[in-house]
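Kindly generate the complete structure, drawing on both the sequences and the hints.
Chains as they are written, first to last, in this note's numbering: chain X, 1015 to 1300; chain V, 1015 to 1300; chain H, 1015 to 1300; chain E, 1015 to 1300; chain C, 1015 to 1300; chain P, 1015 to 1300.
It cannot be assumed that every hint is accurate.
Label pairs and their computed distance ranges (CB to CB) [to be verified]:
no., chain 1, residue 1, chain 2, residue 2, range
1, C, Asp1016, E, Met1244, 25 to 33 Å
2, X, Asn1165, H, Lys1235, 28 to 36 Å
3, V, Lys1147, X, Ser1092, 31 to 39 Å
4, V, Arg1266, E, Leu1098, 54 to 62 Å
Since the hints were made in silico from the structure, they are not lab data. Beta carbons are placed, not taken as given, at the ideal position from N, Cα and C, and that holds for glycine.
So you can see what is in the structure, the chains are spelled out below.
Protein chains: 6
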Amino acid sequence: MDISQKAKVLVDALPYIKKYFDKTIVVKYGGNAMINNELKEAVMSDIVLLNLVGIKVVLVHGGGPEINEMLKKMDIESKFINGLRYTDKETAEVVRMVLAGKVNKGLVGYINGIGGNAIGLCGTDGNMLCVSKKQEEGVDYGYVGEIESVNSKAITDCLKEGYIPVVATIATDKEGNVYNINADTAAAMIAAELKAENLIMMTDIVGLLKDKDDPSTLIPKVFVSDVPYMKKQGIISGGMIPKIDGCVEAVRRGVKQATIIDGRIPHSILIEMLSNEGAGTMFVQE
Amino acid sequence: MDISQKAKVLVDALPYIKKYFDKTIVVKYGGNAMINNELKEAVMSDIVLLNLVGIKVVLVHGGGPEINEMLKKMDIESKFINGLRYTDKETAEVVRMVLAGKVNKGLVGYINGIGGNAIGLCGTDGNMLCVSKKQEEGVDYGYVGEIESVNSKAITDCLKEGYIPVVATIATDKEGNVYNINADTAAAMIAAELKAENLIMMTDIVGLLKDKDDPSTLIPKVFVSDVPYMKKQGIISGGMIPKIDGCVEAVRRGVKQATIIDGRIPHSILIEMLSNEGAGTMFVQE
Amino acid sequence: MDISQKAKVLVDALPYIKKYFDKTIVVKYGGNAMINNELKEAVMSDIVLLNLVGIKVVLVHGGGPEINEMLKKMDIESKFINGLRYTDKETAEVVRMVLAGKVNKGLVGYINGIGGNAIGLCGTDGNMLCVSKKQEEGVDYGYVGEIESVNSKAITDCLKEGYIPVVATIATDKEGNVYNINADTAAAMIAAELKAENLIMMTDIVGLLKDKDDPSTLIPKVFVSDVPYMKKQGIISGGMIPKIDGCVEAVRRGVKQATIIDGRIPHSILIEMLSNEGAGTMFVQE
Amino acid sequence: MDISQKAKVLVDALPYIKKYFDKTIVVKYGGNAMINNELKEAVMSDIVLLNLVGIKVVLVHGGGPEINEMLKKMDIESKFINGLRYTDKETAEVVRMVLAGKVNKGLVGYINGIGGNAIGLCGTDGNMLCVSKKQEEGVDYGYVGEIESVNSKAITDCLKEGYIPVVATIATDKEGNVYNINADTAAAMIAAELKAENLIMMTDIVGLLKDKDDPSTLIPKVFVSDVPYMKKQGIISGGMIPKIDGCVEAVRRGVKQATIIDGRIPHSILIEMLSNEGAGTMFVQE
Amino acid sequence: MDISQKAKVLVDALPYIKKYFDKTIVVKYGGNAMINNELKEAVMSDIVLLNLVGIKVVLVHGGGPEINEMLKKMDIESKFINGLRYTDKETAEVVRMVLAGKVNKGLVGYINGIGGNAIGLCGTDGNMLCVSKKQEEGVDYGYVGEIESVNSKAITDCLKEGYIPVVATIATDKEGNVYNINADTAAAMIAAELKAENLIMMTDIVGLLKDKDDPSTLIPKVFVSDVPYMKKQGIISGGMIPKIDGCVEAVRRGVKQATIIDGRIPHSILIEMLSNEGAGTMFVQE
Amino acid sequence: MDISQKAKVLVDALPYIKKYFDKTIVVKYGGNAMINNELKEAVMSDIVLLNLVGIKVVLVHGGGPEINEMLKKMDIESKFINGLRYTDKETAEVVRMVLAGKVNKGLVGYINGIGGNAIGLCGTDGNMLCVSKKQEEGVDYGYVGEIESVNSKAITDCLKEGYIPVVATIATDKEGNVYNINADTAAAMIAAELKAENLIMMTDIVGLLKDKDDPSTLIPKVFVSDVPYMKKQGIISGGMIPKIDGCVEAVRRGVKQATIIDGRIPHSILIEMLSNEGAGTMFVQE
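As structure tokens, then:
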């Protein structure tokens, strides 16, 4: 790459750095980017770099595979209802240990190890997530929680002091019961409460495609009002639905843009945020 | 109790409340007070009340019994060397999960449930505890850590914002290895770094006794310089040694006073801090 | 008193200390508590202690007996109209000297002598009280003033700097005439202007009684809207009327509660403010 | 006076206004300027005007004639030792009433009446003057106090809020005894503690004269080190000694300049401070 | 002049100094006061003195004679249309050089040389003046600009830091074209944007006269609503029209008063601002 | 350029952006980059972009060619002594007009036109440059000035408010004489006073070359202590000497690094500051 190309990248990037300076970005971390070591390294490095130049990054994570592994080790059987894990009291306790103890503090340690300064939180800390038992007629999922409200003070306090908050999506109700919460939804609700500039959902797909077999038909930008129609058409379907519902909800509640990006490409966060190219599919208000 | 007695308690207490206002207190929580539910309730209530009137309380905890229970459930054998648990990589991971995931977030939930506002941290958060492998000639304890330095910023940031920081004493080294750390030592080092007004070590004894069989021989105040002599005399012995070494270390490094109190008496923290009576044995500089 | 009782008093008191922290309390000081030395000592000690724990206390005082004594010494005859002292120019000057010079600075000296930090003010300082001649058809009371408005800046400036303002209720009009002002009314008006949390009127009675001969029939709480009815019934009568009118006026103008307490009981201020018991009769809005 | 002359006065005055802006000036008020009404009006007007343009003015006053008058009214005999009034307990109480009650609050009322904003203080307020009984071998003056230290916080707090502090020079010791203090000395000590820019002592003379019968021999400026010699020569003598000793003491302790001015000339304060002419005799360090 | 007269000038001036303290004054400098060296010295001295006592002074200047001289030296012919100079590109460039380079920096140097602290700005600095080409049907004046909006931040930033901003009235449009702007109009627009306390227009006349041949018929104060009538009557005519239109415009947009003063009298600014006399003719809202 | 290359440029640049954030950079602008329009556009764009991401940029400029042109137009003969222009009074005035009026305000207009926010200053503004006549034995250069001291407050005030200060290197002495100052020297002195992070001197060469005919022998980094030796060897010679002396002087006085870069390459400032590559030759302390 010659000097003029380099200069071009920088000339393009600087206005974005200005745009995002002192603004808040929520990254929902998961999928391949959480399992593959090289990808994990690139994500964590991106987050530390963005934080370095004054962008406030919040990392929200789940941890499905590690929960399964632990339940297996402890001989606790997993029961599923409508594809959702039935979470009894014991399982909820295991989920908390794994998410808030192992995964969360592991990510904090990783970020700090490469020069960042993270603090690990869960929904209980600073009364961040107020939850109730998920209600669905005729079904009992056990200790699966729905967020009633978000108190983002603990997160903004961390951001104000320069930390990267890493958030595990478990919470406690007033009686002390532990609940597991869907991480995509939690990331969206947190981003909304923070009036974030951008919610970035890491996925294992290229983005929304007009023709799902042709990556060249990527849809770069979607108005949230068009989502219902795209669901009908089948452009949005299956496992993408909760993520995209999260994006829509976040934008509706005041997040400037929500983007699903391809977590399988190294540094896709940096490209999405600091180049004209963007990545994946962005959701915005009209 | 009549009004004049009540007035007397208040007249006595108000100067202490003034004295501790905006000052930092580190409470090492453990022993019976952690197992017995009534005692636990009284401790947590005391902490929330002290915080309410403007005293900055830091709660440091261990969690021995719950770790054992979990290791048993996971069929991991416990090996002991010189009375200390040999901690292999897998065990260290379990310790982290239990301490930072279960016990820590459980205490945070408890405090928040009775009207407090806590945040749960471990030694990794905000690079709080910098550790290395415990060195002892001829012995390998595995992942048992020694604190090299304390960076208390994450704690003081929480205190500044009005939170009660709850600290689990595990940490990570630069390579990402997880270490278990003695909670008494950690509490002492943290109190020292915070230049705390008071370090309160909860124990299951009345305090230091001249005659160990006669509770009426309680020694209320000890100069740290007298501790070596009291060890020789056998007044300090056995399981008390690490706690009292912690007290001495803390006072030597600038903590105004360190007190071992009887965690078996409900509200012993409140009595110790806000009455002329005091409780247990207090360690100070000459 | 054993430890658990002590702990109970503290557990009860701490939330009140929190509640009143940085809030303003106006105490109208007078009656027996001003004459009896032991009571005086307890009142001043209470005020210094409350100030110590961050409560902003304003002391408003009269000084009837000392004025009489001085007029006698100076051979100035006292003339009364409808039970009110007729105040000529010379008498007004004497009232000022005694209230603002002797009583006020004497109280300031007393408070400072027991470790407080008071400043003595009168209605003239910082243009605090704007007064006019009391108007009543067919009667001329001479230099008896009615408060037209209160400028509380001098008081809040003192409070901001941590002083206990002690206020003598005399004032000057634009022409430089000195006026004597009823201290109960002045205390109420000052409390209202300060939007005080509590106005405490010290009296020489237990409180309002349903049956005035039976102290067990104390009425602990009265809605200000019920006062007219209680006057009709004779529950409120005689010398209590101006004090209770002051309470009602203060509450109507935004003071959270106004309480008449029994100044003959030592430390009744402390008990009223920091225990569940309360003391005397409290006036509030519905 | 034509425009160019007016312009000249202003061109001269503006740099002085700048020089004194936000600086502190202590005026010792007494003598004819306190008795004659026209002079009093001019002094008070000067003080309000100086305060108006951002100069911090502190007024310190005595009140000899009014004390005598009151003692007479109360039939208290005045006893003098070495020309100093012997002050018994009763007399001390009268002095306090007259100075802190009548004179002080009277001046405050006067200043506020012409648009200023004054607060009246005495040495007891905010523990301003710490005094002890005047010691002199073989003589007992009764309750005549000597200043041991000045705590100027109450004054600076008033200045910070824009008030003109008016100070009566009486004080209380730890036992609550009231002491009368020489006002010249008190003004000097207060000016020193405030590190005032200027101490202005109002007198009833033109200033120091080389030939005491010839006003044209006024000495405009004296180095404090020359004072002992001038005393020997008789240029400084009699009633001027305490005033000039006060000036010397103030300058020695850090006051930039101390000036005795002729209080019999209207607006002499304004002329002294804001013109090239100056007035009276100024004392400075070499 | 004797002392009492001096005192009178000061007593009169101090309330004005208070009134203008921290307020903003815009002085339009031009005419004889710019050519005559003694007058120039008096103006600059006045400005430095006013600034010294905390008044924020903005100096706006033109520079007609020096522009003519330079154009002549460079052999550029001056063409006039309706009495206004036709400004071609080359002329505009010369105007910029002379005003922003020579006159502006010359004044800055002069002010700084007598102890002030000035900064020289033109309409381009900090995007202060947004201009467009002056539109008039059937006429093309070339690069003569009309102010569309004023961004006074560069000026207020200078004032905040204590500088005297000196403003040359040239500006640039988005395409980089340089425009000459009428200095009277610019001063008025800047004063309006700054919500100045006073706009002072220096002229070469005594002020508005009822009878233009009789200086004793000076009109000291004019309501802006009376200006149209005075134009009809011929009291306002000729070269005064743009100045007075500027005054009216400024007052209409929120400037408290606008005054045309006689720049031929030394220190007329000081007299106008700090004496009861005033000078020239003042324009105000009813 | 593919995504991974782009990501690489960004990953490299972000730490530099962090490094320079809120730091001050002085750019000496001149040579080809001032004459060629494309280069000028790239320089101005770089400066606006750097400012955009929070780097404080100061632009110092000369203007030789435009001065010559103006002198020619005005028929003023240029006289040279030892290669330096002899500057008489008239020439000095022309230099001021051209530099401070034409070039300076032209650059300010250019920067503001592309979205920046610049303010144009010269050495007279805010008493920035204190100069005296250049002294050299046996030679008189006329009004050529040497900097005696730099008062950078006007510059830091501009930087604090977010402006890009553009500085013309002319100044005035106490007598009001105008002096021309070498721009390289002025840039170095200003950078030193500002304790700048970096001084960038734009030149028309690649940098220092070991073999002046072989661009591949570029010396990327020089310790300032090696400069005398390099002069002896002829590596540093001719027109580069004043620039490199400026670099050495700046580094000696505390500038972290001084760099001569090739102004003929577009965006060389951006490449130098935000990539690992650097550009030209950098001077540092050992």
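Against the structure, the hints come out as follows:
no., hint, in the structure
1, C/Asp1016 - E/Met1244: 25 to 33 Å, "holds (30 Å)"
2, X/Asn1165 - H/Lys1235: 28 to 36 Å, "holds (35 Å)"
3, V/Lys1147 - X/Ser1092: 31 to 39 Å, "holds (37 Å)"
4, V/Arg1266 - E/Leu1098: 54 to 62 Å, "holds (58 Å)"
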